[in-house]
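Q: Could you put together the complete structure from these sequences and hints?
Residue numbers (my numbering), protein chains in the order written: chain A, 1 to 403; chain B, 1 to 403; chain C, 1 to 403; chain D, 1 to 403.
Any given hint could be a false lead.
Said to hold, decoys possible - Where chain B lies over chain C, by a calculated footprint (3+ residues, C-beta under 8 Å): (1) 236-249; (2) 263-270; (3) 336-347.
What the hints assert, rightly or not - Examples of chain A residues toward chain D, derived with CB under 7 Å: (4) Arg60; (5) Asp78; (6) Gly171; (7) Ala235; (8) Ser240; (9) Phe241; (10) Leu254; (11) Thr264; (12) His272; (13) Tyr283; (14) Gly287; (15) Gly288; (16) Trp393; (17) Ser397.
Read the hints as simulated data drawn from the structure, not as lab findings.
The beta-carbon is built from N, C-alpha and C at its ideal position, and this holds for glycine as well.
There are 4 protein chains.
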Amino acid sequence: MTGPSGRPEQAGGAMPNRRLRLGMVGGGRGAFIGAVHALAARMDNRFELVAGCLSSDPARARASAQDWFIAPDRTYDDFQTMAQAEAARADGIDAVAIVTPNDTHHAICRAFLDRKIDIVCDKPLTTTLDDALDLVAQVRRTGLVFVLTHTYSGFPMVRQARAMVAAGELGAIRLVHVEFLQDWLAAPLEDQGDKQALWRTDPQRAGPGGCIADIGTHALHLARYVTGLEVEAVAAQLRSFLPGRRLDDNAQLLMRLTGGAEGTLLASQVAHGNECGLRLRVYGERGGLAWDQERPNHLCWAPAGCAAQTLSRGDASLSAAARRATRLPRGLTEGYLEAFGNIYADAAGAILSRRQGGRPDLEDIGLPGVVDGAIGIAFVEAALRSQQDRGAWVEISLAAGRI
Amino acid sequence: MTGPSGRPEQAGGAMPNRRLRLGMVGGGRGAFIGAVHALAARMDNRFELVAGCLSSDPARARASAQDWFIAPDRTYDDFQTMAQAEAARADGIDAVAIVTPNDTHHAICRAFLDRKIDIVCDKPLTTTLDDALDLVAQVRRTGLVFVLTHTYSGFPMVRQARAMVAAGELGAIRLVHVEFLQDWLAAPLEDQGDKQALWRTDPQRAGPGGCIADIGTHALHLARYVTGLEVEAVAAQLRSFLPGRRLDDNAQLLMRLTGGAEGTLLASQVAHGNECGLRLRVYGERGGLAWDQERPNHLCWAPAGCAAQTLSRGDASLSAAARRATRLPRGLTEGYLEAFGNIYADAAGAILSRRQGGRPDLEDIGLPGVVDGAIGIAFVEAALRSQQDRGAWVEISLAAGRI
Amino acid sequence: MTGPSGRPEQAGGAMPNRRLRLGMVGGGRGAFIGAVHALAARMDNRFELVAGCLSSDPARARASAQDWFIAPDRTYDDFQTMAQAEAARADGIDAVAIVTPNDTHHAICRAFLDRKIDIVCDKPLTTTLDDALDLVAQVRRTGLVFVLTHTYSGFPMVRQARAMVAAGELGAIRLVHVEFLQDWLAAPLEDQGDKQALWRTDPQRAGPGGCIADIGTHALHLARYVTGLEVEAVAAQLRSFLPGRRLDDNAQLLMRLTGGAEGTLLASQVAHGNECGLRLRVYGERGGLAWDQERPNHLCWAPAGCAAQTLSRGDASLSAAARRATRLPRGLTEGYLEAFGNIYADAAGAILSRRQGGRPDLEDIGLPGVVDGAIGIAFVEAALRSQQDRGAWVEISLAAGRI
Amino acid sequence: MTGPSGRPEQAGGAMPNRRLRLGMVGGGRGAFIGAVHALAARMDNRFELVAGCLSSDPARARASAQDWFIAPDRTYDDFQTMAQAEAARADGIDAVAIVTPNDTHHAICRAFLDRKIDIVCDKPLTTTLDDALDLVAQVRRTGLVFVLTHTYSGFPMVRQARAMVAAGELGAIRLVHVEFLQDWLAAPLEDQGDKQALWRTDPQRAGPGGCIADIGTHALHLARYVTGLEVEAVAAQLRSFLPGRRLDDNAQLLMRLTGGAEGTLLASQVAHGNECGLRLRVYGERGGLAWDQERPNHLCWAPAGCAAQTLSRGDASLSAAARRATRLPRGLTEGYLEAFGNIYADAAGAILSRRQGGRPDLEDIGLPGVVDGAIGIAFVEAALRSQQDRGAWVEISLAAGRI
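A: Dropping the structure here:
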């Protein structure tokens, strides 16, 4: 069957008989990521946005709700009320998107988990490992679907890379180099009232990690997602290059990974000329892969001893995982919103499956979840400890198999 | 005001108090472009898809309508019935998207124009210039909004290029080289039952031009859109390289443009290694611009005597036209669907304006319309005449100012 | 055997028992191309520069000769004296490099041909077809080696492309697009006393073709060299965009080639942002090739239906023709001088072979010669005739097999 | 004055009244780097190769000497004899190029230093820091010119980057990321008799460092050369990924640099798809620079808050240091041999200056010397110590100002 997106097979599986009802906490006017979630959720017509608590400021919350045509009676001033009211409605939301600053994730997630509402939550998961592990426990207890929006795992060519590693095309992985370089905080935007900069450089809102948490966890997840390896230990240098900045705006780490692999992770918000430079390189016994978020529709594949190839989204020869994440023919560009849409489409599939009594396995589907979130926080904490110990090696006790 | 997409200014202007109701003709299961229109129309939450005649096959039409949650009573078996019924409803569609093969555009457009329903129509406009000019006349007569989806004009960096030319940053334009190279028809897919290939290589469905009409008109529009120049004469070679293929699969043209400029246009469906290679280069007295659809978020700008610069979607210094077509921060990739979404968002703005008594000027808004469509068909006919005359120069009598 | 350049096989074959003695006409201080010839000739230690008439200005000629450690008694004030004197010496030059402006090539070539001295001459061959054909006749009469420095044929990856086409890897060639875009004459340098600009825009020195002769012939030769096809007819637009400039600074042509292929040729000196943009694309039945002079160590190869590959200079799997033109391991960059050096190394091989009684076939060796030069001039003349006839198609009577 | 290379200003200064006489130790048939040195030394006509001890195998030494037309009486079987004989000749060599495996550098350098012969030596300088410091002392004692061929410092755009940092265009440097990734040793070539692989993986010939010494020192020097910063401490992971390989084939390091900068260094011989991937990125307060050896004619410059620029070798606006290292107009490609030639041309200038009683300052000229070599060895030793201590941080006591 071909679905409305024109894909023979598509993310999220067959179309359901109704759109899922989505609520949103955070993401009102002026918030960048809220609109992204809303666009992505609606992209494949699997969700409709019907309820929201879009701002901690009530007036902004209501105005923002109007923008999305959310009915006034489903526009809430606080998330607790929303969770309670929606859980009580016959037509209550099926899932909630949580797109608030990091420090609020834990409480909001708890409120909705406690009311048996599936969750799509932005990253990083929490600001402490304890909170993260509590969420892991609650998700396990409730059996709910909990998707963490490590967006980049939604790119078709990232899924292709993952499938190639899983299929053994690279042989044993030796090296994993991942970097996420930006330059938007090379200027002291937080001193100029920039809303995004303000909370992301505020330890109260963002947590103890700055750059390392905000984008370092994305880089970590990308590396883990593609290679299937876990980081066992890190030596980290975290820095705040701008005078007076309270959180790190640059991080560089050496990593030891499972299976004897090694690698590096760079994250920066002050690297002039880098817009959103998320790049992954993986080298194994039998070949190497390179992917760049700024050219996301291609994947460089260098099989040992052969000419390097450029694999292209839409190629008929790609893996099933890549093909089902694809909407357009090769050559037309898909980007960040489409990748985000794939996360939501797959989330819809998982939520439907759960509601029909299934036990969807996010790992199998290729969806990042609460455990990935906890591993990210453990990574941040290890990096911070290493930094406090002048870059000494720190083991990460937490890894997928051990939670 | 910031709208739901997070943009301070945004395509289509301020949000209306309701979504526009969209119908669609064509685009059912298995059709690539229908899903694209639907995604694009819904992207910024300005349209909802409420009615459709999604296939000439009634069973497919109904099944496809279910995919989009279109109510059974608004699922139509033929477009005439749909036009009549929707025009009669109080909650009838505000606009219709026409995404059928080329040979049907004229009749369908007439049906909806006659019932005062605004139109978003796929390209090329028609299969004959007479039909095209008839639509121009009807649009003028009715005052309706008629948008032609030359998608590439929706890319932010294309709009940036247009703004730079219009602002005189390049000085007088000297050279315009545009090419649209693909390779998907290098194999005889029409002999293998491929639905897209079948109708596009069939003169009955596609019209007398193959490649020249299907993608040559896109290339032409891109060149005209950015430079504001018209093609006055062409010398063309059209070829069908595959044995037995009835329409051209390759075209190459020399062009004379208004203002003393010259240029070339290449279009191919058999150029191995080109996926969707739409590339524009414009050279003026004071600098040169280059844009590539496969890297759409950047624009190469070479001011005379200075180092070449890479302008990036999202840069604060870009033109208003580029900024309002932008959803994401720089570095995150927007692609084809977002460009398409910009066309629809702007179409929504124009339709709302017309309904409120305004007379929206598509040229000002930066939207391709019915006149652009007619110019495209005149270009195709000139190319065909040149080919019949072994590549001799042929004047194009039709240009924007002369229709 | 490995020669001094470290190549197991190398251009020019085994090292001779002495360096060939080279003279040079033109190329003194201030001339760009003279130094290039001297560097290239000396690169592989097959030539030593021992005599010269390096400038038409005697003082400059002598000073320039000192720069190259040329003995005073072999420093000449005019080329006739040089030809005569060197021919009379027991240790006279084996070959002469002619690097003067175009209008002088014919007379100088005749002087040295008449004295049985092999020639390496810069392009374009002459300023008229009659002169060119006279040189063809003289070369045939004398049996001398006459190499025309269409430098780009010396690049290893160009030779690889040629070998792939010859081996049938692309199947029948359908399309040949070649362009040579520069921007150095976008400013009126000839009005500012720039020596290079002065003679290249002067019909007395350069001949009737400007850009079309200066770099258009390079582009033509590259296309012919790689594909083995001849241009049968052209439709050309030549322009001089700068006010008062007497020769064309821009050219664009449609081409019909042998074997039913088609193509385009662009040449410009006013395309802002293009430094030395010589780019060739060849599309055949079975695949496509793309090469760019600014990234000369790689060749893009798109076999039909497969992922595109990046072939790299130094790959063990390349053709013998590419490998023998290679000095460095893959990844290290070779450039223009090395390509030029390959022409000279092969010229040395041919000259030695001739002196040992052989009849070296430049076509087999992959060296451009006098016939290529004449074809270039015929092409320029056809383009000029087409331009005079407002872009009408003009047949080229002259092609390799027909001279 | 314009020299023979056509450069108004050129590396090495004005042409001398004779070519310098060069001898070579090592570099006979089958050796890659010997031919490179010979080509580079001869490129600008400042050296002639007149004596050699080109192989430790006498027959090979003599055959190789014939390839270069070296007179039999200046073809030596051992370097001691050569040093002694050449020092005794009135027309003895002015300088010697030492291109043997690492373990022999110290003894050979001593032999020629003791006889007051200037030296151009390949890297790494020695296999132990003691040997390196001994050479530093001897060079200081004798006042001779000692150039170490860290080739990449000869690239014009590397010199441009250095000049920009020195001029303060980047402000204070914050981050320095350098990598040198190759894949040629991803296969066990040493087990297949490959000569280059054999000695480079043999601790007796190469010293205790493998990849870290062979290419890691190149990367280190490039970073130091451009930024003017010294590495103060490293945390290193060195690995030998291939079973049985005795020296590291991969290295990754965190670095603390002077001035509060940080950075990373990657070196690998097993990273599939990387041919000669030497890439440097430098981020300062006011902008960022990126250079890639595989595209050496360009430099990416991202000034804070502005569009990124592509600076091009040959641009008139470049620094004097870049311009004098340039032979060709912009757009034509110069590569590795030209960079190497710049080292030799500058070495010639320094040697001439010394012979005329000057005291040439290699640092000012931009030439790598014996102190750079010693710093490289100190870096290798620190990396090895860190590796032995499981990646712990190790301070480097040795830096330019402290030797």
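Q: For the hint on glycine 287/A, just tell me whether its beta-carbon gets within less than 7 Å of chain D.
A: For glycine 287/A, the interface hint holds, since the closest Cβ of chain D sits about 5 Å away, which is under 7 Å.
Q: Is the shortest C-beta separation between histidine 272/A and chain D less than 7 Å?
A: holds, 3 Å
Q: Do three or more residues of the region 236-249 of chain C come closer than 8 Å to chain B, measuring C-beta to C-beta?
A: Held - the region 236-249 of chain C has 3 residues with a Cβ nearer than 8 Å to chain B, which meets the minimum of three.
Q: Glycine 171/A was flagged as interface toward chain D. Is the shortest Cβ-Cβ separation under 7 Å?
A: violated, 10 Å
Q: At a threshold of 7 Å, is the proposed contact between tryptophan 393/A and chain D supported by beta-carbon distances?
A: OK, holds: tryptophan 393/A within 7 Å of chain D, min 6 Å.
Q: Was the hint right that threonine 264/A lines chain D, CB cutoff 7 Å?
A: holds, 6 Å
Q: How about aspartate 78/A: closest beta carbon in chain D under 7 Å, or not?
A: Violated. Min distance 39 Å.
Q: Less than 7 Å between beta-carbons is the criterion; does phenylalanine 241/A satisfy it with respect to chain D?
A: holds, 5 Å
Q: Mind checking the CB of serine 397/A against every CB in chain D and telling me if the closest is under 7 Å?
A: Given a least distance of 18 Å, the restraint on serine 397/A is violated.
Q: Have a go at the tyrosine 283/A hint: is there a Cβ in chain D nearer than 7 Å to its own Cβ?
A: At 5 Å from the nearest chain D Cβ, tyrosine 283/A passes the 7 Å test, so the hint holds.
Q: Closer than 7 Å between Cβ atoms is the bar; does glycine 288/A clear it against chain D? Give me holds or violated.
A: holds, 3 Å
Q: Given serine 240/A as an interface hint, is its Cβ closer than 7 Å to any Cβ of chain D?
A: Constraint on serine 240/A not satisfied, violated at 11 Å.
When each numbered hint is compared with the structure, violations occur for hints 3, 4, 5, 6, 8, 17.
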